[in-house]
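Residue numbers (our numbering), protein chains in the order written: chain A, 8 to 121; chain B, 777 to 890.
Check each hint, because a few of them may be wrong.
[To be verified] Simulated DEER-style distance windows between Cβ atoms:
no., chain 1, residue 1, chain 2, residue 2, range
1, A, M18, B, E828, 20 to 28 Å
2, B, A814, A, M18, 19 to 27 Å
3, B, N855, A, D25, 28 to 36 Å
4, A, G101, B, S803, 37 to 45 Å
5, A, N82, B, E877, 19 to 27 Å
6, B, N855, A, P88, 27 to 35 Å
7, B, E877, A, R67, 36 to 44 Å
8, A, S14, B, A814, 25 to 33 Å
9, B, G804, A, N12, 28 to 36 Å
10, B, G816, A, V51, 17 to 25 Å
[To be verified] For lysine to aspartate or glutamate, the following EDC-like pairs were computed, each having C-alpha atoms within a straight-line distance of at most 20 Å:
no., chain 1, residue 1, chain 2, residue 2
11, A, K113, B, E829
12, A, K58, B, E830
13, A, K113, B, E830
14, A, K116, A, D78
Honestly, the hints are just simulated from the structure, not real lab data. Where a beta carbon is used, it is the ideal one built from N, C-alpha and C, also for glycine.
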Amino acid sequence: GQQLNQSPQSMFIQEGEDVSMNCTSSSIFNTWLWYKQDPGEGPVLLIALYKAGELTSNGRLTAQFGITRKDSFLNISASIPSDVGIYFCAGQLGYGGSQGNLIFGKGTKLSVKP
Amino acid sequence: ETGVTQSPTHLIKTRGQQVTLRCSSQSGHNTVSWYQQALGQGPQFIFQYYREEENGRGNFPPRFSGLQFPNYSSELNVNALELDDSALYLCASSLSGIYQETQYFGPGTRLLVL
Chain A
8 GQQLNQSPQS MFIQEGEDVS MNCTSSSIFN TWLWYKQDPG EGPVLLIALY
58 KAGELTSNGR LTAQFGITRK DSFLNISASI PSDVGIYFCA GQLGYGGSQG
108 NLIFGKGTKL SVKP
Chain B
777 ETGVTQSPTH LIKTRGQQVT LRCSSQSGHN TVSWYQQALG QGPQFIFQYY
827 REEENGRGNF PPRFSGLQFP NYSSELNVNA LELDDSALYL CASSLSGIYQ
877 ETQYFGPGTR LLVL
């Protein structure tokens with residue numbers, strides 16, 4: 008089936024650092040989304056991207072929809088302790104039915120540097 | 777909070793049993809999608825319900841079935857449970873018209889099969 012390659016798998020952050028993660032795919036997506044999931048909870052939508060080349064911000068978070076429609080990145084600026092968690096990228100091939108389902112990456116786990 | 781609720785929060789079953797999980801969609805949403813999330817993985821699409829009918833299905837066997845009710849709430853049923861069915865089951869609601877809009881997730885039901 009479809010797969011998204013999300014990297015890095017994990018990273019350690021120190022408060023105040025900037026963080027970057029990205030997703031690539033062999034398929035073209037119509038929509039890219041970024042979710043954050045905390046332990047024991049469902050994914051929470053952070054940013055949704057609908058057009059190739061689109062750059063969208065949500066507070067300290069910035070995400071871009073790649074020009075080729077096969078990749079996306081998420082940046083977090085000036086990280087704070089509550090940023091720890093697992094970040095997922097998700098792509099959507101179309102707009103309904105089996106095309107409207109989300110295809111997820113395996114996640115990037117953000118932890119605090121000891 | 778997304779307004780999507782799921783019940784129960786946790787469940788323990790034995791192999792071969794059947795289970796029913798429930799999801800109430802966010803007010804104003806008419807589409808429910810179900811996902812299975814194994815430990816350490818991203819969510820995998822099971823199926824989607826729109827206007828009380830299945831509207832797309834992922835790579836899951838027929839023992840995974842569902843229903844959507846007139847109030848747009850939904851059930852996921854799994855028959856003949858297997859050990860590998862142990863996972864977090866997420867439902868996501870969205871509004872579908874010409875296009876399917878962004879999916880918002882509930883907190884999930886954690887199923888353990890012994």
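The hints, checked one at a time:
1. M18 (chain A) and E828 (chain B) have their C-beta atoms about 44 Å apart, which leaves the hinted 20 to 28 Å range violated.
2. Look at A814 (chain B) against M18 (chain A): about 22 Å separates their beta carbons, and that is inside 19 to 27 Å.
3. Restraint check, N855 (chain B) to D25 (chain A): a C-beta distance of roughly 48 Å breaks the suggested window 28 to 36 Å.
4. Taken as a hint, the range 37 to 45 Å is violated for the pair G101 (chain A) and S803 (chain B), whose Cβ atoms sit roughly 26 Å apart.
5. Between N82 (chain A) and E877 (chain B) the beta carbon distance is about 25 Å. The supplied range of 19 to 27 Å therefore holds.
6. The given range of 27 to 35 Å is broken by N855 (chain B) and P88 (chain A), whose C-beta atoms sit roughly 44 Å from each other.
7. Checked against the hint of 36 to 44 Å, the C-beta distance between E877 (chain B) and R67 (chain A) comes to roughly 25 Å, which is inconsistent with it.
8. The supplied range of 25 to 33 Å is broken by S14 (chain A) and A814 (chain B), whose beta-carbon atoms lie about 20 Å from each other.
9. A beta carbon spacing of about 35 Å between G804 (chain B) and N12 (chain A) agrees with the range 28 to 36 Å that was offered as a hint.
10. Distance hint check: the CB atoms of G816 (chain B) and V51 (chain A) are about 19 Å apart, consistent with the given range 17 to 25 Å.
11. For the hint pairing K113 (chain A) with E829 (chain B), the CA-to-CA distance comes to about 29 Å; that exceeds 20 Å, so the pair is violated.
12. For the proposed pair K58 (chain A) and E830 (chain B), the alpha carbon gap of about 28 Å is over 20 Å, so the pair is violated.
13. Only pairs whose Cα atoms come within 20 Å are accepted, and K113 (chain A) paired with E830 (chain B) is rejected, the gap being roughly 26 Å.
14. The hinted pair formed by K116 (chain A) and D78 (chain A) meets the criterion: a straight-line CA distance of about 19 Å does not exceed 20 Å.
Hints 1, 3, 4, 6, 7, 8, 11, 12 and 13, counting from the list given before, are not met by this structure.
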